[in-house]
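Colleague: Each chain, written out:
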Amino acid sequence: EAGVVQSPRYKIIEKKQPVAFWCNPISGHNTLYWYLQNLGQGPELLIRYENEEAVDDSQLPKDRFSAERLKGVDSTLKIQPAELGDSAVYLCASSFGIYNEQFFGPGTRLTVL
Amino acid sequence: TQLLEQSPQFLSIQEGENLTVYCNSSSVFSSLQWYRQEPGEGPVLLVTVVTGGEVKKLKRLTFQFGDARKDSSLHITAAQPGDTGLYLCAGVYGNKLVFGAGTILRVKS
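Order-wise, the sequence lines are chains X and U.
Note that my numbering gives residue 104 to position 104 of the first sequence, counting from 1, and the numbers run on in steps of one.
One gets my numbering by counting positions in the second sequence from 1 and adding 1000 to each.
Among the hints, erroneous ones may be present.
Said to hold, decoys possible - Heads up, simulated BS3-like pairs for lysine-lysine below, C-alpha to C-alpha not over 27 angstroms straight-line: (1) Lys78(X) to Lys16(X); (2) Lys62(X) to Lys11(X); (3) Lys1057(U) to Lys1070(U); (4) Lys1108(U) to Lys1070(U); (5) Lys71(X) to Lys1096(U); (6) Lys78(X) to Lys1096(U); (7) Lys78(X) to Lys15(X); (8) Lys1070(U) to Lys1056(U); (9) Lys1096(U) to Lys62(X).
It is worth saying that the hints were derived from the structure and are not from the lab.
Whenever a hint applies, use it, and build me the whole structure from the sequences.
Modeller: What follows is the structure, encoded as structure tokens:
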């Protein structure tokens, strides 16, 4: 069974530029998450989808961040414009079942210069 | 406010030593998960504990869930260099999963 796929793995951009991350979850997993992780810290939830519906986006900075999950499968997270403080690892995860056990992708490491 | 406190933040030990890391909260979890994360990779689920007082073993790793379901511990026996990584606990509150800040473990050979 293929795991969660994320691309790109690394991205370096200048501040004020836009950037987008893509995630393909495990087949059959209806719930998809985007997390932000700073170095040596635990993941922090940005947004959670149930199928194509964003059911928790309370921690998403909506002035510059947006996300979509068309057809309830793949998802894209966008930042526009990026700021220096956005440098972090962006993790995508999917889950299935009552305990919300997370299956994570390898993440995208974003560096904003 | 950090809902989940993990301790210690960092642990450096010699191969063969035993260690315990802790995960504490003032809130009650419906369930709790432990993950291990290696550099450049996403966290990988190790175990889920659900019942207060539950103990689960995974080879040299022993996970315990507190009776009141507010705390948990991970004990590693005879640590190996391959155990090096960031250990994260994550508690389920209603339909939300909240991660602790993690314990960075380094096992030296």
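Colleague: What hint numbers does the structure not satisfy?
Modeller: 4
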